[in-house]
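**Q** Chain residues, written in single-letter form:
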Amino acid sequence: MAYLDHAATTPMLPQALDAYVRTARALGNASSLHGSGRTARRTVEEARERIGEALGAKPGEVIFTGSGTEADNLAVKGVHWSRRAEGRNLVVTTAIEHHAIADAVAWLGDHEKADVTELPVDKLGRVDTAVLADLLESRGAEVTVLTCMWANNEVGTLQPVAEIAALAQAHGIPVHTDAIQAVGHVPVDFAASGAAALALSGHKLGGPTGTGALLLRRDVKAVPLLHGGGQEREIRSGTLDVPGIAALAEAVAHAVRTQEVESQRLALLRDSLVEGIRALVPDSIYNGDPDSRLPGNAHFSFPGCEGDALLMLLDAAGVECATGSACSAGIAQPSHVLLAMGADADDARSSLRFTLGWSTTKADVDALLAAIPEAVRRAKTAGLSLRLIT
Amino acid sequence: MSGGVDSAVAAARAVEAGHDVTGVHLALSKNPQTYRTGARGCCTIEDSRDARRAADVIGIPFYIWDMAERFHEDVVEDFYAEYANGRTPNPCLRCNEKIKFAAVLDRAMALGFDAVATGHYARKGDDGLLRRAVDPGKDQSYVLAVLTPAQLAHSIFPLGDTPKDQVRTEAETRGLAVAQKPDSHDICFIADGDTSGFLKNRLGAKEGEIVDAASGEVLGSHDGSHQFTIGQRHGLGLKRPAADGRPRYVLSITPVDNRVQVGPREALRVDRIRTGRPVWLAPERTGSFDAEVQLRAHGEVYPARVTADGDGLTARLRKPAFGVAAGQALVVYDPDAGDGDAVLASGTIEETGGADEPASADESALSLSGTESTRG
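If you read the sequences in order, they're chains A and B. Each residue of the first sequence is one higher than the one before, starting from 0 at the first, in numbering that gives the first Met the number 0. Each residue of the second sequence is one higher than the one before, starting from 0 at the first, in numbering that gives the first Met the number 0.
Hints in this document: simulated from the structure, not taken from any laboratory. One or more hints might be untrue.
[As the list claims (entries may be wrong)] No farther apart than 20 Å at their CA atoms in a straight line, the calculated lysine to aspartate or glutamate pairs in the DMTMM-like style are these:
id	chain 1	residue 1	chain 2	residue 2
1	A	379	B	283
2	B	123	B	265
3	B	29	A	188
[Said to hold, decoys possible] Here are some of the chain B residues that sit facing chain A, going by a computed Cβ distance under 10 Å:
id	residue
4	14
5	107
6	115
7	123
8	181
[Claimed, not checked] Counterexamples of contact, computed for chain B against chain A with all Cβ distances above 12 Å:
id	residue
9	21
10	29
11	60
12	63
13	64
14	109
15	111
16	118
17	149
18	178
19	190
20	205
21	243
22	275
23	319
None of the values given here were measured: they were computed from a predicted structure. Here a beta-carbon is modelled for each residue, glycine too, at the ideal position from N, C-alpha and C.
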């Protein structure tokens with residue numbers, strides 16, 4: 000089986016799994032005052048320090064959460080609520096955010112009566128900073144929070160987060176960045192980025208699912224989503240998941256330490272995948288920024304094919320990948336990212352995302368290249384048969 | 000795999016028969032409801048989860064195919080159009096004709112599959128003919144009688160030889176959680192079961208007259224002729240009883256002038272039926288032959304003399320039918336107690352006539368009748 004869906008989830012690194020199992024055997028609530036509690040607390044604080052060190056953050060800026068989605072929600076809603084004031088109720092987002100951001104922002108608009116503005120992207124999927132500069136000139140004083148992902152989860156395009164943060168800083172606006180696809184895959188330095196908040200998720204970088212963290216500058220206030228024991232800076236409540244946190248720190252430290260070498264390895268593999276597909280399927284369209292993108296991401300449209308038909312055929316041939324679409328009730332919707340990049344609805348539904356990770360080898364790429372011509376041939380025969388050709 | 004017990008057991012049996020099986024759930028609504036309510040509807044998110052869990056237990060891959068646009072255009076729009084024309088469509092039959100054994104089968108064949116297997120209760124004989132299921136209460140050959148021989152050749156019905164209660168028992172034995180899930184029997188895209196309200200929503204409300212078919216006397220009013228079905232007795236809202244005190248039934252619906260005619264039950268009597276162009280599931284016949292005909296899903300069977308010409312079928316019933324709906328299918332069976340009655344042909348009912356009238360000459364003598372359509 001060739002697994003080319005590492006952006007969905009990537010296998011746990013052996014050292015992270017070891018750290019998890021080792022810590023899970025130990026007893027102790029990190030908030031308890033006795034010896035077992037202190038041992039657990041020590042594990043948590045060492046993890047906090049390791050993550051901070053790996054990502055250019057102070058330990059006190061690391062807030063552990065139960066997922067990347069929670070970190071994103073906490074940043075966007077929490078910062079919006081804390082800064083909402085007379086004349087300041089505008090949330091600025093982009094057209095290509097993951098649902099963890101996009102739906103949280105939409106909820107702020109629908110339910111909390113926030114104003115919402117979406118920054119457009121160019122055809123490579125890169126946020127237009129000129130539009131942002133204009134917006135901030137005219138409405139900068141109204142903005143509660145600005146959110147822009149570090150790297151797009153579908154097409155892999157890297158975003159100019161530092162440039163955006165610099166623009167926002169001039170207006171005193173805190174910037175949140177969803178770096179869930181970026182941490183461990185490209186260099187990420189929280190302090191240098193100028194962002195006020197940054198979300199990461201364990202299972203995208205070799206840590207456990209159900210772990211995440213929000214890096215939040217000490218001077219930025221966020222209203223909590225969860226109320227309770229106030230374990231994390233009074234901003235996030237919930238008994239700390241000590242083994243999950245230990246494993247997350249192990250994974251972050253490893254992924255960041257090996258990032259440069261690993262990205263080069265993945266980029267080479269990815270480039271051979273891209274060249275192979277272009278040669279085998281000449282009418283395929285390589286989406287996203289060809290240069291400034293995640294090293295393990297290759298995203299294609301296959302005109303005349305349904306993405307979900309291709310996925311099924313490749314799945315049957317032992318190759319696992321993702322359609323480039325979001326799923327709603329199991330029904331593939333045209334990707335909002337591709338639509339924002341100017342693709343038409345048919346191309347947006349004909350796309351596949353191949354994502355490589357630490358366990359990917361040349362054999363995986365070869366398996367895909369062996370299976371893709373027949374899959375495309377059959378999918379083309381089936382065509383866009385599910386829909387009316389109008 | 001709808002998420003019901005039948006398609007789950009059908010899939011399990013197809014696997015056991017040695018086929019390489021993939022489970023497919025059809026998404027027929029762009030905005031599916033989260034949970035099913037009672038026995039209504041079949042395309043909720045909960046149903047797709049049930050189907051997925053069944054596929055897990057059976058051990059087959061499972062995918063959802065988005066057929067919402069095709070379904071809306073070919074089935075739902077057709078449903079509206081037929082009612083707007085005073086006819087009574089059978090959407091399940093249309094779905095089999097246009098979606099399950101057409102769009103789905105075409106796509107499956109293109110993707111490298113050989114056949115579509117469903118949980119329909121029908122048999123396919125060694126001769127390739129479509130035959131009634133052994134369970135007469137569940138037989139669905141009627142709603143499959145629109146399949147061409149080519150479609151039929153690529154269809155598998157693993158449940159035709161088994162009574163429904165045994166299918167449930169088998170599901171239980173196989174560990175399928177849907178074993179006791181209630182049958183769905185209403186029109187799947189009308190989630191609340193309110194067909195009248197569904198039609199009114201789209202076709203609008205417009206006041207019209209209810210008149211006595213014999214005297215022409217105006218007896219009352221209604222707010223849209225599509226609210227009625229032929230043979231309907233209740234809900235007419237007539238203030239005065241008939242002169243003879245007997246119940247009155249809807250005899251005909253004329254959408255053009257939005258008029259509903261009512262009269263006594265005898266006036267619903269039908270002895271001759273004419274269809275549009277037939278579909279032949281068996282080798283085509285010409286001329287006249289004796290057969291049995293069925294006029295609605297799970298409806299009564301009538302011995303008949305059937306005459307086939309190129310344009311349609313004419314059935315002369317040996318015993319009268321009451322309340323026959325234009326838009327429903329006339330399905331012609333060759334009786335066979337041993338292997339199950341074989342479907343010869345079907346055609347959409349266009350015209351019906353009483354005992355002493357020619358079957359198609361005088362339009363005013365025709366009754367365009369409706370019945371409840373039944374899912375399948």
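**Q** Each hint needs a verdict: does it hold in this structure or not?
**A** Verification of the hints:
1. A threshold of 20 Å between alpha carbons decides the hint, and for residue 379 of chain A with residue 283 of chain B the separation of about 35 Å lies outside it, so the pair is violated.
2. Between the alpha carbons of residue 123 of chain B and residue 265 of chain B the distance comes to roughly 39 Å, so the proposed pair goes past 20 Å and is violated.
3. Of the pairs offered as hints, the one joining residue 29 of chain B and residue 188 of chain A is violated, with about 43 Å between alpha carbons and a cut-off of 20 Å exceeded.
4. Of the supplied interface hints, the one on residue 14 of chain B is violated, with its beta-carbon coming no nearer than about 15 Å to a beta-carbon of chain A, more than 10 Å.
5. At about 8 Å, the closest approach between the beta carbon of residue 107 of chain B and any beta carbon in chain A falls short of 10 Å, and the interface hint on this residue holds.
6. Of the supplied interface hints, the one on residue 115 of chain B is violated, with its beta-carbon coming no nearer than about 14 Å to a beta-carbon of chain A, more than 10 Å.
7. This hint is violated: residue 123 of chain B has a C-beta 25 Å from the nearest C-beta of chain A, more than the 10 Å allowed.
8. Contact between residue 181 of chain B and chain A, as hinted, is not supported at the beta carbon level, the nearest pair being about 22 Å apart and thus beyond 10 Å.
9. Residue placement check: residue 21 of chain B does not keep its beta carbon more than 12 Å from all beta carbons of chain A (closest about 7 Å).
10. Listed as a non-interface residue, residue 29 of chain B fails to keep its Cβ farther than 12 Å from every Cβ of chain A; the least gap is roughly 7 Å.
11. Not every CB of chain A lies more than 12 Å from the CB of residue 60 of chain B, the least distance being 7 Å, so the non-interface label is violated.
12. With a least CB separation of 4 Å from chain A, residue 63 of chain B falls inside the 12 Å interface cut-off, contrary to its annotation.
13. At the 12 Å boundary, the C-beta of residue 64 of chain B falls inside the reach of chain A, the nearest C-beta of that chain being 6 Å off.
14. Once the 12 Å rule is applied to beta carbons, residue 109 of chain B is inconsistent with being away from chain A; the minimum gap is 4 Å.
15. Consistency note on residue 111 of chain B: stated as away from chain A, yet its beta-carbon is not over 12 Å from all of that chain's, at 5 Å minimum.
16. At roughly 20 Å, the least C-beta separation between residue 118 of chain B and chain A is larger than 12 Å, which holds for a residue marked as non-interface.
17. No Cβ of chain A comes within 12 Å of the Cβ of residue 149 of chain B; the nearest lies about 17 Å off, and the non-interface call holds.
18. Residue-level check passed: residue 178 of chain B sits 23 Å from the nearest beta carbon of chain A, beyond 12 Å.
19. No beta-carbon of chain A is positioned within 12 Å of the beta-carbon of residue 190 of chain B; the least distance is around 15 Å.
20. The beta carbon of residue 205 of chain B is kept farther than 12 Å from every beta carbon of chain A, the shortest such distance being approximately 30 Å.
21. Look at residue 243 of chain B: its CB is around 53 Å from the nearest CB on chain A, clear of 12 Å, so calling it non-interface holds up.
22. Taking the minimum C-beta to C-beta distance to chain A, about 24 Å, the non-interface status of residue 275 of chain B holds against the 12 Å cut.
23. With a cut of 12 Å on Cβ distances, residue 319 of chain B stays outside the contact zone with chain A, its closest approach being about 42 Å.
Figure legend: structure checked against the earlier numbered hints; hints not met, in rising order: 1, 2, 3, 4, 6, 7, 8, 9, 10, 11, 12, 13, 14 and 15.
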